[in-house]
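Here are the chains, one letter per residue:
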Amino acid sequence: MKIVFLLAACFSILAVALICVFLFANGVPAILKIGVFDFLLGQKWMPSNNIFGIFPMIVGSVYVTAGAIIIGVPMGILCAVFLARFCPEKLYKVIKPAVSLLAGIPSIVYGFFGLVVIVPIMQDLVGGSGKGVLTASILLGIMILPTVIGVSESAIRAVPNSYYEGALALGATHERSVFFTLLPAAKQGILAGVILGVGRAIGETMAVVMIAGNQPVVPDSIFGGVRTLTANIVMEMGYAADLHREALLGTGVVLFVFILLINLSFSALKRRKS
Amino acid sequence: MQVQNRERFSQRLRSYKKRPLSAFLFLLVLISAVVTLSVLIALIAYILIKGIPNLSPELFAWEYTTENVSMMPAIINTLMITALSLLFALPVGIASAIYLVEYAKRGNKLVSLVRITTETLSGIPSIVYGLFGYLFFNIFLGWSYTILGGSLTLAIMILPLIMRTTEEALIAVPDLYREGSFGLGAGKLRTVFRIVLPSAVPGILAGVILAVGRIVGETAALLYPAGTAAQVADGLMSSGRTLAVHMYALLNEGLYIEQAYATAVVLLVIVIGINALSGLIAKKVGVKD
Chain A
436 MKIVFLLAAC FSILAVALIC VFLFANGVPA ILKIGVFDFL LGQKWMPSNN IFGIFPMIVG
496 SVYVTAGAII IGVPMGILCA VFLARFCPEK LYKVIKPAVS LLAGIPSIVY GFFGLVVIVP
556 IMQDLVGGSG KGVLTASILL GIMILPTVIG VSESAIRAVP NSYYEGALAL GATHERSVFF
616 TLLPAAKQGI LAGVILGVGR AIGETMAVVM IAGNQPVVPD SIFGGVRTLT ANIVMEMGYA
676 ADLHREALLG TGVVLFVFIL LINLSFSALK RRKS
Chain B
12 MQVQNRERFS QRLRSYKKRP LSAFLFLLVL ISAVVTLSVL IALIAYILIK GIPNLSPELF
72 AWEYTTENVS MMPAIINTLM ITALSLLFAL PVGIASAIYL VEYAKRGNKL VSLVRITTET
132 LSGIPSIVYG LFGYLFFNIF LGWSYTILGG SLTLAIMILP LIMRTTEEAL IAVPDLYREG
192 SFGLGAGKLR TVFRIVLPSA VPGILAGVIL AVGRIVGETA ALLYPAGTAA QVADGLMSSG
252 RTLAVHMYAL LNEGLYIEQA YATAVVLLVI VIGINALSGL IAKKVGVKD
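Chains A and B, in that order, give the protein sequences. Number 659 in the working numbering belongs to position 224 of the first sequence; there are no gaps in the numbering. Number 172 in the working numbering belongs to position 161 of the second sequence; there are no gaps in the numbering.
Do not rely on the hints blindly, as some may be mistaken.
[To be verified] Partial chain B-side listing against chain A, Cβ under 10 Å, derived:
(1) L41
(2) I42
(3) I63
(4) L97
(5) R117
(6) L132
(7) G134
(8) L142
(9) K199
(10) S210
(11) P213
(12) A255
[As the list claims (entries may be wrong)] As a list, the in silico DSSO-like pairs of lysine-lysine whose alpha-carbon atoms are at most 30 Å apart:
(13) A/K525 to B/K295
(14) A/K437 to B/K120
(15) B/K199 to A/K437
Calculated directly from the structure, the hints in this document are not laboratory data. It should be emphasised that the depicted structure is a prediction, and the values quoted were computed from it without experimental measurement. C-beta: ideal position from N, C-alpha, C; glycine also.
Only chain A is shown next, with the shape it has when bound in the complex:
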């Protein structure tokens, strides 16, 4: 019977191996056929003319993710501080489930909310279509909040209370003790939360595709429309054929490599911590 359990445990290894093999075997030949530089650094994406450059999409993913980090991370960390050190117990019982609910809402519902609420607001504020880098960043910032809050909160709680008490004894206020002794001590855990958030933001598809505008060009401002790697796949995969389809699989490979790098740095960080 032990052998059965062992085989089951090996299934996740098999799954990762299969995903890697199938993705790389299907995507890499296309990248080579198009040419690595033309594919990764090409400025134009014109499937009808057989021009496949995904540089705008890479830039788009990076911009949108960076925006989400700028918006979501400070708020997430402050909220984690609130939950760990400021929140009365009664309130905690309300807010904690609320944060996990925020994590459970499907991305398609987030996207819809962005489409019918954030996009019109942006239209009123800056004109244009209202879809673009900033809109996507705001929504993604909200979407990564639960990840950042959850990991940061447990990192802050893991710091020995003597740090906090020591700071108080030296005459620091509650806020100073929390921000200047607890937070620096929880730095690595918080960083791990941020990395997880980056992973979520860069891989998000359904929400982004509805509000980012999806023009395959490098955006000229934070209000400009943008297409991410994920959006590129989900928009065109349905009807693409031949080299076009393979180029989309290549896009998936690039995304997958990004995610693997993020995962690697996350587990490296976790290992250093323990």
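Assemble the complex: chain A is given as a structure, and chain B must be docked to it using the hints.
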């Protein structure tokens, strides 16, 4: 909450006047908590208020037609895909957790490899799962769009979640139980199935509920393996769309915003219900999330 300096609010306020930095930090913390909470409330309230008037009995008709884009077939498909995915993921997930907790020796190379791969699996975005499902089931195995392919794709996706929660539930079972069972002469296998697993059931159940939440909300991973047929799938090898995919299709067609609102309400209610349920179970077990 641990020991804190218990001042009264008025005292605090006075000390803030002398220490602007502390006051500023306190304000920041408070604001961000309020903003986070109000974003959630705004989202739920907006969708419920705009969506509930759009709910109508016709939307729950058994047949999907272009005049009446009923979501009933999608609900049935969602149930089928959820059941199928759990059917595949649960045995594998629970068995691997049993191996990791009950059988594996500490410092085992294989165990660390399993941990790395499950971590990798939980980090892979759903669109990559969707691509993989499409490449494996539709291209390599030559299936057309099938709910079986979609379910298998989702089963891989929820595997790390099931494994992690089951592991935690198994670890939480006190060693005394195992020792007692061994002391009475039971073997390893009997101990695992008769003593350890039954005590871990509530924890496992909480994980299953979380997994159901992920399946119900999933769109990108299902789009290519399972397709977007709007009817009830008649068999494992035919296409069918879940509620989330249904909502995406409605929005994509652009003609059915009201119906999309109604679908969003249903999705949201399901997700809130699932969260409440898993919270309730977790509270009963006393396991922290």
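Right, here's what the structure says about each hint:
| no. | hint | verdict |
| --- | --- | --- |
| 1 | L41 | 7 Å, holds |
| 2 | I42 | 8 Å, holds |
| 3 | I63 | 15 Å, violated |
| 4 | L97 | 15 Å, violated |
| 5 | R117 | 14 Å, violated |
| 6 | L132 | 6 Å, holds |
| 7 | G134 | 4 Å, holds |
| 8 | L142 | 5 Å, holds |
| 9 | K199 | 8 Å, holds |
| 10 | S210 | 18 Å, violated |
| 11 | P213 | 18 Å, violated |
| 12 | A255 | 5 Å, holds |
| 13 | A/K525 to B/K295 | 18 Å, holds |
| 14 | A/K437 to B/K120 | 17 Å, holds |
| 15 | B/K199 to A/K437 | 10 Å, holds |
Violated hints for the displayed structure, listed by number in ascending order: 3, 4, 5, 10 and 11.
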